[in-house]
Amino acid sequence: MKFSEEKLNKVKEIVARYPEGKHKSALIPLLHMAQDENGGWLSTEAMDYVAELLQLLPIEVYEVATFYSMYNLKPVGKYIFEVCRTGPCMVNGSDDIIEYIKSKLGINEGETTADGLFTLKPAECLGACGYAPMMQLGSTYREHLTKEKVDAIIEECRRNAAINN
Amino acid sequence: MAIKLLLENDKVEGIRYYDAYRKHGGYRSVEKAFKMTPDEIVEEVKKSGLRGRGGAGFPTGMKWSFLAKPEGVPRHLVCNADESEPGTFKDRYLMEFIPHLLIEGLIVSSFALGSNATYIYIRGEYAWIVDILEQAIQEAKNFGWLGKNILGTGFDCEIYVQRGAGAYICGEETALIESLEGKRGNPRIKPPFPAIQGLWMRPTVVNNVETLAAVVPIINMGGEEYAKIGVGRSTGTKLLSACGNINKPGVYEIDMTISVEEFIFSDEYCGGIPKGKRLKACIPGGSSVPILPANLLLKTAKGETRLMNYESLSDGGFATGSMMGSGGFEVLDEDQCVVRHTMSLARFYNHESCGQCSPCREGTGWMYKILKNLEYGKGKMSDIDLLWDIQRKIEGNTICPLGDAAAWPVAAAIRHFRDEFEWHVLNPDESQKRNYGLAHYADPIHVPA
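Note that the protein sequences, when read in sequence, are chains Y and X. The first sequence runs contiguously to residue 151 in this note's numbering. The second sequence runs contiguously to residue 461 in this note's numbering.
FYI, nobody ran anything at the bench for these hints, they're computed from the structure. Glycine residues also receive a C-beta, built at the ideal position from the N, C-alpha and C atoms. All the given hints hold, so there is nothing to weed out.
Derived contacts from chain Y toward chain X, CB cut-off under 7 Å, selection only:
1) Lys8
2) Val50
3) Phe53
4) Ser55
5) Gly113
6) Gln122
With a straight-line cut-off of 25 Å between C-alpha atoms, the simulated DMTMM-like cross-links for lysine to aspartate or glutamate are:
7) Lys(-2)/Y with Glu170/X
8) Lys195/X with Glu23/Y
9) Lys287/X with Glu129/Y
10) Lys8/Y with Asp168/X
11) Lys(-4)/Y with Glu193/X
12) Lys135/Y with Glu108/X
13) Lys381/X with Glu95/Y
14) Lys10/Y with Glu146/X
15) Lys195/X with Glu38/Y
16) Lys390/X with Asp82/Y
17) Lys8/Y with Glu83/X
18) Lys(-7)/Y with Glu151/X
19) Lys195/X with Asp22/Y
Label-pair ranges, simulated between beta-carbon atoms:
20) Lys8/Y with Phe46/X: 24 to 32 Å
21) Glu95/Y with Glu237/X: 47 to 55 Å
22) Asn259/X with Pro5/Y: 48 to 56 Å
Please work from the sequences and hints to get the whole structure.
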């Protein structure tokens, strides 16, 4: 995995946000970029590439990548359903939504469908408590979930995947 | 009619963008602030009585006055937008719909504190809000409110948005600083406080989004006028994010004089509880604060009306009171199971513990495990005392307040709903069936007049 010229310019722009010599601050933003570039997860190769870009030791990158829940350290599906299950979502039926997704897609928590399209990743509070139950899908929130809405989201993802192939 | 200082124009069309925001009085506080000295601005914030809106409620002006100013060392303002306390989504609302209010507050505050490079650290999941903020920053820059020599004052300021990557602990200010430095979000031992050695060991102030937005009306109206709103040491307005079993979940601005009962049942705010269900309990200030049963929620132990402000919500201490916290207000109706709800919060804190301190790393896991056993009908009576014992040994024994935040919900649940825990032990089959219907718990149920 390598960044394009355009991405490398973005890296420069990010590093310039911090004082001279404090480029390690760019690590978290760069790991987001690397994950996007690498099909939604951080391989050792991707992490080593970021380490090289920022002139850090690989271990400095691994210890950060393993700390934050948004970094995936193994391959994931094209669409990750991150369903919140903390208190406020729970009292509004998030458990039922998770069960429904499991049965509909035939996967358990943390698993990916055989076609590589969907991963179910239960999440803790995502700050959408008033619009529960909800899930994060890519960089968007899908709120006020019902079984019908879940069906529609799955269909939408399948359609998008078919168009992109 | 309630006083609105932050959300006055939130429904105005196009308020997300510069033109509409400016037309409705936006950036006036910057013009005013630039005619003042930085110390005068700090003085106004002190006079306003503004308390940190992130949860701790520490006086903002005092926090600002602690900032060290050694010669030749740059200082930084960091905006804490890592909103992650379950039940809290007010900062998200503010940033998503009125981003310029935050940018305006940041410019004034950066000028007051002498920060030429100010950072907004936003939780990674709010990815689309990063774009909204960056657009607002660009607009502000285009119109000369940011950049070099702003409005000819000689003051330079840049605002950068930094995305986190999923860690509740990064809402703790020293963990946030570590994360902003590109490290794991492990809280630092204090002292030194960030005001002396913060970001890159430079003097730093970390303030919540709502706190920094509140600087705008404070400068516009003056600290003294701002302090006249509210009661006692709860001055100004507060954003509340209401959720759980209510008819109208959402973000509301209150002036801290209204009662809890009015907030829950009036149509102006939460609009009561769906399907005519009765009120069982409430977590009034984000998941870390003690849960209160309905009787103690609406009236204090002394029988006084409980108000939505710092003093009244904490009246009675933890024995019979709670906290204003972050303003994440979660209502539970009569069908909700306190054991199950507490289990979900215990799982949250276990997931979010950074692992640095053993009482929190191990204790949160033990609490989750025991609560899971109780909820799924595998608990013993002695587990309840064991839970109590564990939470007591976490509280106060960790570097940062996450330990306390994990302990308090468990303690309060046992304190006020012990019989519900016992019911789970005595009725293992029913608790396994996820029978939330614990209407046997008659005492705290409130029926509105």
